[in-house]
Structure formats: structure tokens, C-alpha cells
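Given these sequences and hints, build the entire structure.
So the protein lines, in turn, are chains A and B. Quick note on numbering: the first sequence equals residues 55 to 473 in this note's numbering. Quick note on numbering: the second sequence equals residues 55 to 473 in this note's numbering.
Treat the hints loosely; a few may be bogus.
Estimated spans, in silico, between C-beta atoms of each pair [claimed, not checked]:
#1 A/G469 / B/N64: 52 to 58 Å
#2 A/D240 / B/E224: 54 to 60 Å
#3 B/N161 / A/D383: 27 to 33 Å
#4 B/K380 / A/K166: 27 to 33 Å
#5 A/G469 / B/K391: 25 to 31 Å
#6 B/L265 / A/E130: 54 to 60 Å
Hint data in this document are derived by calculation from the structure and do not stem from the laboratory. Ideal Cβ placement from N, Cα and C applies to all residues, glycine included.
Protein chains: 2
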Amino acid sequence: MKTLEANILNLLKGAKGSSLALSNISAKEKNKALHGMSQALLKNVRFILSENSKDVAIANEAGVSEALVDRLTLTEKRIKEMADSLEQVASLKDPVGKILKQWRRPNGLIIKKLSVPIGVVGIIYESRPNVTSDSAGLCIKSGNACVLRGGSEAINSNLAIHKVITKGLERFGIPESAVTIINVTDRRAIEILLKQSGLVDVVIPRGGEGLIKYVAENSLIPVIKHYKGICHLYVDKYANFKMALDIMLNAKVQRPGVCNAIEKMLIHKDIAHKFLPLSAGILDDKGVELRGCSETLKILKGIKKASEKDWYEEYLDLVLAIKVVKNSDEAISHINKYGSRHSDAIVTKNKSIAGKFLKEVDSACVYHNASTRFTDGYQFGMGAEIGISTDKIHARGPMALEELCIYKYVILGSGQTRS
Amino acid sequence: MKTLEANILNLLKGAKGSSLALSNISAKEKNKALHGMSQALLKNVRFILSENSKDVAIANEAGVSEALVDRLTLTEKRIKEMADSLEQVASLKDPVGKILKQWRRPNGLIIKKLSVPIGVVGIIYESRPNVTSDSAGLCIKSGNACVLRGGSEAINSNLAIHKVITKGLERFGIPESAVTIINVTDRRAIEILLKQSGLVDVVIPRGGEGLIKYVAENSLIPVIKHYKGICHLYVDKYANFKMALDIMLNAKVQRPGVCNAIEKMLIHKDIAHKFLPLSAGILDDKGVELRGCSETLKILKGIKKASEKDWYEEYLDLVLAIKVVKNSDEAISHINKYGSRHSDAIVTKNKSIAGKFLKEVDSACVYHNASTRFTDGYQFGMGAEIGISTDKIHARGPMALEELCIYKYVILGSGQTRS
Numbered sequence: 055m056k057t058l059e060a061n062i063l064n065l066l067k068g069a070k071g072s073s074l075a076l077s078n079i080s081a082k083e084k085n086k087a088l089h090g091m092s093q094a095l096l097k098n099v100r101f102i103l104s105e106n107s108k109d110v111a112i113a114n115e116a117g118v119s120e121a122l123v124d125r126l127t128l129t130e131k132r133i134k135e136m137a138d139s140l141e142q143v144a145s146l147k148d149p150v151g152k153i154l155k156q157w158r159r160p161n162g163l164i165i166k167k168l169s170v171p172i173g174v175v176g177i178i179y180e181s182r183p184n185v186t187s188d189s190a191g192l193c194i195k196s197g198n199a200c201v202l203r204g205g206s207e208a209i210n211s212n213l214a215i216h217k218v219i220t221k222g223l224e225r226f227g228i229p230e231s232a233v234t235i236i237n238v239t240d241r242r243a244i245e246i247l248l249k250q251s252g253l254v255d256v257v258i259p260r261g262g263e264g265l266i267k268y269v270a271e272n273s274l275i276p277v278i279k280h281y282k283g284i285c286h287l288y289v290d291k292y293a294n295f296k297m298a299l300d301i302m303l304n305a306k307v308q309r310p311g312v313c314n315a316i317e318k319m320l321i322h323k324d325i326a327h328k329f330l331p332l333s334a335g336i337l338d339d340k341g342v343e344l345r346g347c348s349e350t351l352k353i354l355k356g357i358k359k360a361s362e363k364d365w366y367e368e369y370l371d372l373v374l375a376i377k378v379v380k381n382s383d384e385a386i387s388h389i390n391k392y393g394s395r396h397s398d399a400i401v402t403k404n405k406s407i408a409g410k411f412l413k414e415v416d417s418a419c420v421y422h423n424a425s426t427r428f429t430d431g432y433q434f435g436m437g438a439e440i441g442i443s444t445d446k447i448h449a450r451g452p453m454a455l456e457e458l459c460i461y462k463y464v465i466l467g468s469g470q471t472r473s
Numbered sequence: 055m056k057t058l059e060a061n062i063l064n065l066l067k068g069a070k071g072s073s074l075a076l077s078n079i080s081a082k083e084k085n086k087a088l089h090g091m092s093q094a095l096l097k098n099v100r101f102i103l104s105e106n107s108k109d110v111a112i113a114n115e116a117g118v119s120e121a122l123v124d125r126l127t128l129t130e131k132r133i134k135e136m137a138d139s140l141e142q143v144a145s146l147k148d149p150v151g152k153i154l155k156q157w158r159r160p161n162g163l164i165i166k167k168l169s170v171p172i173g174v175v176g177i178i179y180e181s182r183p184n185v186t187s188d189s190a191g192l193c194i195k196s197g198n199a200c201v202l203r204g205g206s207e208a209i210n211s212n213l214a215i216h217k218v219i220t221k222g223l224e225r226f227g228i229p230e231s232a233v234t235i236i237n238v239t240d241r242r243a244i245e246i247l248l249k250q251s252g253l254v255d256v257v258i259p260r261g262g263e264g265l266i267k268y269v270a271e272n273s274l275i276p277v278i279k280h281y282k283g284i285c286h287l288y289v290d291k292y293a294n295f296k297m298a299l300d301i302m303l304n305a306k307v308q309r310p311g312v313c314n315a316i317e318k319m320l321i322h323k324d325i326a327h328k329f330l331p332l333s334a335g336i337l338d339d340k341g342v343e344l345r346g347c348s349e350t351l352k353i354l355k356g357i358k359k360a361s362e363k364d365w366y367e368e369y370l371d372l373v374l375a376i377k378v379v380k381n382s383d384e385a386i387s388h389i390n391k392y393g394s395r396h397s398d399a400i401v402t403k404n405k406s407i408a409g410k411f412l413k414e415v416d417s418a419c420v421y422h423n424a425s426t427r428f429t430d431g432y433q434f435g436m437g438a439e440i441g442i443s444t445d446k447i448h449a450r451g452p453m454a455l456e457e458l459c460i461y462k463y464v465i466l467g468s469g470q471t472r473s
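Listed below in C-alpha cells is the structure:
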């Protein structure tokens with residue numbers, strides 16, 4: 055443990071040391087570095103694939119699920135996407151050094167509120183090796199050093215990607231340690247990292263519920279949680295049925311395994327007897343398992359009854375729990391009680407009902423007549439994302455370059471003292 | 055413990071329940087409520103003073119320091135100041151519901167980024183009973199419910215103030231539980247509170263180092279730390295001596311017990327032999343104890359030698375540690391290593407040296423030719439403050455109404471689905 059701790063501290067000190075250098079590098083140099091990283095990925099496809107195949111072989115031997123093996127597996131196409139993603143980040147506007155506000159005090163002091171990098175960003179993630187290069191790219195562009203800690207199941211892939219993308223960084227004035235990877239799979243490494251509040255400024259956990267809970271419970275460093283998405287669609291009495299069915303289908307079926315897919319549908323009681331049979335037909339066709347409240351069961355005979363637990367559950371699968379509600383107020387209360395403050399939608403033609411829903415549902419993203427599937431950095435036009443925050447401080451919803459920055463106050467005087 | 059836990063959970067659920075109501079109340083009603091609270095304080099001066107005298111008597115019996123008794127003691131004047139402060143918060147602009155940004159996506163979606171209250175704000179503080187009404191006022195104005203947990207030494211005063219200010223709240227549509235106080239002094243109450251991440255959205259600890267460390271180490275709720283201020287004044291080679299001496303005196307002596315007072319002074323080696331004797335004369339006069347690095351000791355004979363520990367220490371007293379540095383780069387490194395990222399100042403006539411200092415010193419507030427004592431919500435023109443954040447996410451430096459808000463995305467569609 056002592057050696058492990060010394061090893062981790064050493065890595066973190068390297069990252070911290072490089073963060074100042076990184077915060078002072080021009081947008082042009084950062085973009086060149088991103089371009090270099092992208093090129094390096096393309097040039098080293100064979101090396102990365104061969105290292106990746108080691109992880110895949112171990113996973114297959116261990117008999118893990120097909121879905122997990124799929125998330126772990128890299129292909130030439132996927133590496134090309136990682137390279138493209140770095141180029142795209144290079145093309146985005148530099149978020150650092152923007153004057154967010156500026157004012158003059160009666161005593162002549164000029165106060166400027168400037169956007170600056172956070173400093174050292176710890177990213178703790180699972181499975182997908184592309185997170186390694188995506189996170190590194192976003193952190194470099196936003197002027198942050200990063201400390202990456204991927205899952206042990208992807209260690210060979212992550213180390214290979216890290217090696218490839220950091221190799222040429224110093225040519226652009228960026229120390230290699232600006233992108234630091236924890237090169238040991240020992241779980242205690244996370245425990246050690248999470249205590250170093252003097253070296254790491256924020257931790258972003260990305261992965262399953264277990265990982266995120268573990269990080270939140272053990273961290274002395276501020277954490278921005280990317281937690282589960284228990285997203286709702288509320289179909290109001292005044293909904294356009296065709297629109298509601300389209301949105302339902304898209305939000306549930308297009309990609310059921312992601313956090314912005316809906317897990318629950320709430321239906322106004324006055325339309326339930328007409329809308330539910332229509333929706334059940336469409337969802338059945340797509341192989342969606344339905345679970346209903348007692349009122350739903352009266353209309354859709356033979357489906358499974360939803361238990362109290364169902365309302366809290368993120369299925370990430372072709373399952374949808376349905377509840378008939380008295381009115382939009384009950385829908386709002388239900389969402390605020392059982393939801394995860396991620397993304398929730400209302401379909402209605404009634405503007406005042408929509409307005410109340412949008413105001414009172416306490417979620418990062420609230421939709422009127424659109425699919426919850428749009429909660430995404432790219433779909434929002436941010437050009438990238440490091441994840442979707444479900445916390446209520448610093449950042450909510452899609453987090454990208456701006457959200458990887460904070461501000462500082464620069465105060466210009468001419469000798470002012472306080473009386 | 056079971057009963058205590060049930061009691062605390064009950065209080066927190068009350069606060070959480072009222073937070074939705076509060077987030078929907080108009081600025082006009084909130085201002086009326088603040089005015090009502092202010093009036094209530096003035097009408098109940100005798101009751102508050104009599105409850106406060108109980109706390110003061112216990113403190114005197116326990117033989118605590120004069121400074122602590124002073125912080126604890128209320129007077130008619132201090133209660134009047136609390137009332138004035140509520141009126142001032144009423145006069146500030148409502149931070150809720152502002153459109154921070156709005157844009158249209160190619161698919162026609164309109165995305166609005168709106169400022170909203172955080173939800174339930176926990177405030178854990180010590181000694182000064184005015185924090186009870188100040189925090190309640192700021193939270194109400196920013197649409198947040200609050201859970202207040204003052205020190206046991208001020209329990210009678212805090213309960214009295216709480217009783218007085220919440221009594222009439224319901225007349226303005228604000229549930230009394232929007233301002234919830236933890237009415238037990240058992241320290242385990244804090245432990246229980248800090249685990250309730252489903253009921254409280256953020257915790258702000260205000261007080262000594264011990265309290266803030268305890269909260270940061272035990273909280274499952276995001277914490278915004280208001281930590282110590284190890285503030286520096288760097289007097290550059292190109293400083294105007296008169297200005298540097300004025301700022302030094304103001305930042306060290308005007309109110310040494312606060313976090314934005316300087317604790318350290320760094321001097322460029324080329325001017326140390328001239329500047330140090332001048333500054334020592336002035337500081338001696340004011341009874342400031344000086345501690346110096348070995349170079350300082352060569353110039354200021356007879357003063358105490360500063361130990362490594364001195365550079366990390368927040369004296370909050372008439373003590374100043376002095377170090378001679380080679381140049382501004384050494385000053386910057388020293389501040390980034392030993393400082394607490396609070397407030398640091400440079401005095402120089404050289405704009406390029408100043409620019410580098412302002413850019414590279416990683417602190418919430420960096421000053422050119424002005425006293426660090428201006429780091430304060432009122433001095434910044436925010437009209438109020440709930441404290442000074444030394445964290446690097448969500449808010450840095452003075453925190454007031456805007457910093458007690460977060461945002462949500464409201465997305466308006468016409469049936470859009472994701473392809």
C-alpha cells in the first residue's frame with residue numbers, strides 16, 4: 055500500500071505541476087496538439103488494436119456479457135471516430151480567458167470575472183476505451199490537466215491509447231503529465247486518489263451506479279456526478295397523439311441502453327383508454343416489455359404490474375413502466391419524487407400546462423413536445439461532451455468545454471485600500 | 055440515535071417539500087417576506103436579547119475567550135444591522151428565472167438556459183447568531199429552502215431569531231419549513247444531515263478549519279468550502295513604495311481576524327533592503343509581530359525566524375511572515391504552493407509583470423495595486439454575501455445571490471425526435 059500510495063501521489067503531483075503550464079498555452083498550440091493526438095491515433099491503429107485484443111481475450115475468457123465485450127472492443131472504425139472527435143474538439147472555440155463580466159466600483163476598482171480552467175480533473179470510468187482520448191482532448195482544450203482512471207477490464211487498451219496520444223505533446227509546450235493515466239489496476243488506487251484534495255480539483259465518475267456511489271461516498275475532492283437517467287414522458291390530455299407516439303417510440307426504442315432514454319410513461323387519465331392501446335401496439339412490435347400501475351392494468355390486460363421499486367428503476371433496456379395520472383400536477387409530483395433530475399418531457403398542445411411542467415419539474419433538461427434523447431452535448435450544439443451531470447451545483451445536463459472551466463476575479467486598482 | 059435520526063429526517067423532508075413552493079414565488083412576494091422578517095426582528099429585540107443572554111452567560115461560565123463571547127453577543131445595534139441586511143437583500147435583483155442563454159438548433163429545437171434555485175441549501179456555522187437571519191434572507195431571495203445548523207454555543211439565540219423571522223412567512227405563501235433550523239445541539243445531528251444527499255442539494259460550512267474539514271470529510275452532499283485565507287501581498291521591484299506601504303498596512307492591520315487579511319508579504323530582493331525597514335517601522339507601530347525568512351533576518355535584525363509551517367499558517371492575528379524572493383516568478387510559485395487560493399495582490403508599476411502575476415496566481419481573487427481586503431460580496435457590489443468560496447467548482451470568491459442559483463435547460467419542440 056505504501057508503494058502504491060507513493061506511486062499514485064507521484065503521478066498526481068506530475069499532473070498538478072503541468073496544470074499551470076497548460077492553463078497558459080494558447081488556443082493555437084492546444085489545437086495543434088489535438089491535431090497531433092488525432093494523427094497519432096490513426097498512425098497507431100495496429101498497435102492499439104493489438105493491445106485491445108488482449109483485453110477482449112481476457113473478457114471473453116472470463117465469460118462477461120456480450121454487451122460488455124462490445125463496449126470494450128475497438129475496431130479501426132472506432133479508432134477513426136476517436137481521432138475525428140479530437141479534430142472536432144480542436145475546431146471548437148477556446149473557453150479559456152473569456153471575460154464573463156466586468157464592472158467598475160465607485161472607488162475606481164475594475165473587477166473582471168474571467169473564465170479559467172478548473173485545474174486538475176480526475177476522470178474515473180469504466181469499459182469504453184474511447185473515453186481515454188475523448189476526456190484527454192476535452193481537458194486539454196479547456197486548459198485542464200487530467201488524471202484518467204479507466205476500468206481494469208480495459209487497462210491494456212487505455213494504456214496503449216494514452217501512450218499514443220501523449221507521446222508528441224511536448225512539441226506543443228504541453229508536458230506529457232498533463233494527461234496522466236493511473237497505470238495500475240489495483241482498486242485501492244481509486245481510494246488513494248480520492249483523498250488528494252490538494253492535488254485534484256474535481257472528480258468526474260462515469261459508469262455504472264456502483265462506481266458513482268463509491269466515488270461520491272469516498273471522495274474528499276468535489277465530485278460532479280453523472281448519475282442515472284430515470285427519464286419520463288408525460289402524455290397530457292391535450293397531446294397530439296401522433297406526436298406523442300413518435301416521441302414515445304424514439305425516446306424508448308431508438309437506443310434503450312443510454313441515460314436519456316425514457317424509462318417511464320405517465321398518461322393523463324382522460325386519454326388513457328384511447329392512447330394506451332395505441333402505444334402498446336407500437337411498443338409490442340418493438341419488443342418492449344410493459345409494466346403498469348393498477349389503472350393501466352385495467353386497460354392493458356395481461357401486462358406485468360409495476361411495483362413501487364419499478365418507479366425508481368433505470369432499466370437501460372426495452373422495458374417501460376406506465377402510470378395513469380389524474381392530471382399534470384400529479385405527473386409533476388411523480389417525476390420530482392421518483393425521477394433522477396435528468397431529462398423529462400411533456401407532450402401537450404396546452405401552453406399553460408406545458409409552462410407549469412417546464413417550470414416545476416426539477417430536472418436538468420425539461421422538454422415540451424420533443425424527445426428526451428436530445429440531452430447530449432452534440433445534440434445541444436456544444437460540439438462534444440464529457441458526460442451529463444445530474445448534480446445541482448456547477449453544471450447540470452450536458453457538460454462540455456465551458457463546464458470544464460470556472461472563473462477567477464482579476465481586480466485592477468490604483469492603490470485602493472478599504473476603509 | 056434512532057429518534058434523533060427520525061427527527062432530523064423529518065426536518066429535512068419539510069425543507070425539501072417547501073423548496074418547490076419557494077422556487078415558484080414571485081420576486082414581489084419574496085421581497086415582502088424579507089421586509090416582514092426585518093420588521094419582526096425589530097419588534098422582538100427584547101426577546102432575542104434575553105435568549106441571547108442565556109448563551110452569553112453559559113459562555114462566560116465556561117470561561118471561553120473574550121473574542122468568542124464578543125462574536126456571540128447580540129446588542130440592539132447588531133439586531134438592527136441584521137434587520138437592515140434583510141432589507142438590503144430585498145432591494146437586490148431577483149436572480150431566479152433569468153435567461154442566461156438561448157439558441158435554436160438546425161432541427162428547430164429552441165434551447166433556453168434558465169437560472170433556477172439550487173433547491174435545499176444546508177448551512178453549518180459557528181458562533182455569530184446573525185448568520186441565522188443573513189443566510190435565511192439570502193436563501194429566500196434566491197428561491198432556496200435552507201437548513202440551518204448553528205453552533206451549540208449560540209443555540210438559544212439562533213432558535214429565537216429563527217422563531218421570530220419564520221413566524222409570518224406563510225402570509226407570503228412561503229412555508230415556515232422553507233427556513234428550517236436543526237433544533238438539537240447533539241453533534242451527531244450534523245453527521246446525519248450530511249448523509250441525506252436526496253434531501254439537501256448543497257452544504258456550505260462557515261466557521262473554523264476544524265468544522266470545514268469535518269464537513270468535507272463526512273458529507274455525501276456536495277460541499278462548497280469557505281476555507282481559510284492565506285493571502286499574500288507581493289511587493290515587486292517596480293512598486294510605488296508609498297502605495298505598497300498603504301496596501302500592506304490596510305491588508306494586515308485594518309481587520310486582522312478575517313480571511314481576506316494578508317498573512318504573508320513577499321518582497322523582491324532588489325528593494326528589500328530599502329522597503330523592509332520602512333514597512334517594519336510602520337508595522338511595529340501597530341503592534342504587528344514579524345517573522346522572516348533568512349534573507350529578511352539579515353535586514354530586519356532581531357525578528358523571529360519563520361519556519362516552514364509559518365508559510366502555511368492563517369494567523370488571523372497581528373502577525374506577518376515576510377519572505378524575500380528573487381523575482382515575480384518565485385512569488386507566483388510560492389503563492390501557488392503555500393496559499394489557499396483566496397486573495398493575493400501584487401504592487402508594481404510594471405504592467406507585464408502584473409499581467410503574468412494576475413494570470414498565473416491560481417486564486418479566486420487576484421489584485422493589482424489594491425488591498426486584498428476588498429474580497430467581499432458588499433465590496434464587489436453584490437449587495438450581500440453568504441461567504442467566500444475557496445473551492446474551484448460552482449463558485450469562487452464572494453458568493454451571493456447568483457451563486458446560490460444553478461440553471462436548467464428548457465427545450466421547446468414541435469415533435470422532434472432523434473435520428
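Okay, the hints, checked on the actual structure:
{"no.": "1", "hint": "A/G469 / B/N64: 52 to 58 Å", "result": "55 Å, holds"}
{"no.": "2", "hint": "A/D240 / B/E224: 54 to 60 Å", "result": "56 Å, holds"}
{"no.": "3", "hint": "B/N161 / A/D383: 27 to 33 Å", "result": "30 Å, holds"}
{"no.": "4", "hint": "B/K380 / A/K166: 27 to 33 Å", "result": "29 Å, holds"}
{"no.": "5", "hint": "A/G469 / B/K391: 25 to 31 Å", "result": "28 Å, holds"}
{"no.": "6", "hint": "B/L265 / A/E130: 54 to 60 Å", "result": "56 Å, holds"}
Taken one by one, the earlier hints all hold for this structure without exception.
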